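Put chains B and C on the given structure of chain A with help from the hints.
Residue numbers (my numbering), protein chains in the order written: chain A, 1 to 78; chain B, 1 to 74; chain C, 1 to 74.
If you are wondering where the hints come from, they were derived from the structure by calculation, not from laboratory data.
Careful, some of the hints might be misleading.
[Said to hold, decoys possible] Calculated cross-link-like contacts (lysine to aspartate or glutamate; reagent style EDC-like; alpha-carbon spacing at most 16 angstroms):
id: 1; chain 1: A; residue 1: K45; chain 2: B; residue 2: D44
id: 2; chain 1: B; residue 1: K33; chain 2: A; residue 2: E25
id: 3; chain 1: A; residue 1: K47; chain 2: C; residue 2: E52
id: 4; chain 1: B; residue 1: K33; chain 2: C; residue 2: D35
id: 5; chain 1: A; residue 1: K47; chain 2: C; residue 2: E42
id: 6; chain 1: A; residue 1: K38; chain 2: C; residue 2: D35
[To be verified] Negatives, chain A to chain C, calculated, CB over 10 angstroms:
id: 7; residue: E1
id: 8; residue: K4
id: 9; residue: Q5
id: 10; residue: K7
id: 11; residue: Q8
id: 12; residue: E11
id: 13; residue: I64
id: 14; residue: K67
id: 15; residue: R68
Please read all numbers here as calculations on a predicted model, not as lab measurements.
By construction, the Cβ of each residue, glycine as well, lies at the ideal position given by its N, Cα and C atoms.
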Amino acid sequence: ELQKQFKQQEEHAGSLQASMNTTQEEITQLRHKHTMVKAAIQEAKWKQANLTRRVLKLVSAQEIERKRGVPLDQTEEQ
Amino acid sequence: LMRQAAHVNAWDQLLQQGHDQVQQLRLTLNNVKTDQSRLQAELDFIQGQQQELEQLIEPLEAAAASTTPAQHQG
Amino acid sequence: LMRQAAHVNAWDQLLQQGHDQVQQLRLTLNNVKTDQSRLQAELDFIQGQQQELEQLIEPLEAAAASTTPAQHQG
Numbered sequence: 001e002l003q004k005q006f007k008q009q010e011e012h013a014g015s016l017q018a019s020m021n022t023t024q025e026e027i028t029q030l031r032h033k034h035t036m037v038k039a040a041i042q043e044a045k046w047k048q049a050n051l052t053r054r055v056l057k058l059v060s061a062q063e064i065e066r067k068r069g070v071p072l073d074q075t076e077e078q
Numbered sequence: 001l002m003r004q005a006a007h008v009n010a011w012d013q014l015l016q017q018g019h020d021q022v023q024q025l026r027l028t029l030n031n032v033k034t035d036q037s038r039l040q041a042e043l044d045f046i047q048g049q050q051q052e053l054e055q056l057i058e059p060l061e062a063a064a065a066s067t068t069p070a071q072h073q074g
Numbered sequence: 001l002m003r004q005a006a007h008v009n010a011w012d013q014l015l016q017q018g019h020d021q022v023q024q025l026r027l028t029l030n031n032v033k034t035d036q037s038r039l040q041a042e043l044d045f046i047q048g049q050q051q052e053l054e055q056l057i058e059p060l061e062a063a064a065a066s067t068t069p070a071q072h073q074g
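Pulled out of the complex, with its shape left as it was, chain A reads as follows (with noise of 0.2 angstroms):
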């Protein structure tokens, strides 16, 4: 009775080994997708910079140029 229970026993932990496995297996591969997602954001985030700073830059040549232009405009009317 108890060599019975023995075998049942090592049956359920063979198949607690099986899903152990599994579920490692999903976590490595989770975590290689998770290096990849970081090092997509960080590359985002380096693009946002960049994008800032162009768009600063067209911001103020704009707000220079209209400074420049509009009073100007005013002389040559007059």
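Relative to chain A, chains B and C alone:
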């Protein structure tokens, strides 16, 4: 024999505990996976937006580069 | 009896190993989870900036659209 039976019972409990723990782990794993998919989707969206913005900026930069020296000369 | 004792030891070890393994995986998952929360915040930040940039670029686009033909005429 009694001691052996007790041992077997203890293992039964431990196995059940292990089973519950792995189950719990899988639940957490699935949550983290869902979060990861969401992050990936948001990242894809942002990358698309960045590309659009870049396409908007490029002609403006080209225009600024060509008009600014022209106005200096004029 | 010796063999049984060895069996008991082996089993106990196996269960302990399984327990440690679960514990390790749980730690790993928690780290990923924490990291993902941080990444989510970063994405939200980028998204917010992106919207600001779009708002900044809108009048520039409008200006470019209106000044470019005017310069052609002048």
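Checked hints:
1. Straight-line distance between C-alpha atoms of K45(A) and D44(B) comes to about 13 angstroms, which keeps the hinted pair within the 16 angstroms bound.
2. With a CA separation close to 13 angstroms, the supplied pair K33(B) and E25(A) stays within the 16 angstroms bound.
3. At roughly 15 angstroms between alpha-carbon atoms, K47(A) and E52(C) fall within 16 angstroms of each other, so this suggested pair holds.
4. Restraint check for K33(B) and D35(C): satisfied, since their Cα atoms lie roughly 13 angstroms apart, inside the 16 angstroms limit.
5. Taking the CA atoms of K47(A) and E42(C), the gap is near 13 angstroms; set against the 16 angstroms cutoff, the hint holds.
6. Restraint check for K38(A) and D35(C): satisfied, since their Cα atoms lie roughly 9 angstroms apart, inside the 16 angstroms limit.
7. Distance check for E1(A) against chain C: the nearest CB is about 15 angstroms away, which clears 10 angstroms, and the non-interface claim stands.
8. The claim that K4(A) lies off the interface holds: its Cβ sits roughly 15 angstroms from the closest Cβ of chain C, which is beyond the 10 angstroms cut-off.
9. A cut-off of 10 angstroms between C-beta atoms confirms that Q5(A) is not in contact with chain C; the least separation is 12 angstroms.
10. The beta carbon of K7(A) is kept farther than 10 angstroms from every beta carbon of chain C, the shortest such distance being approximately 12 angstroms.
11. Separation of Q8(A) from chain C is adequate, the least Cβ-Cβ distance of about 13 angstroms exceeding the 10 angstroms criterion.
12. Annotated as non-interface, E11(A) keeps its C-beta farther than 10 angstroms from every C-beta of chain C; the closest such distance is 13 angstroms.
13. With a least CB separation of 13 angstroms from chain C, I64(A) remains clear of the 10 angstroms interface cut-off, as annotated.
14. Look at K67(A): its CB is around 13 angstroms from the nearest CB on chain C, clear of 10 angstroms, so calling it non-interface holds up.
15. No beta-carbon of chain C comes within 10 angstroms of the beta-carbon of R68(A); the shortest separation is about 13 angstroms.
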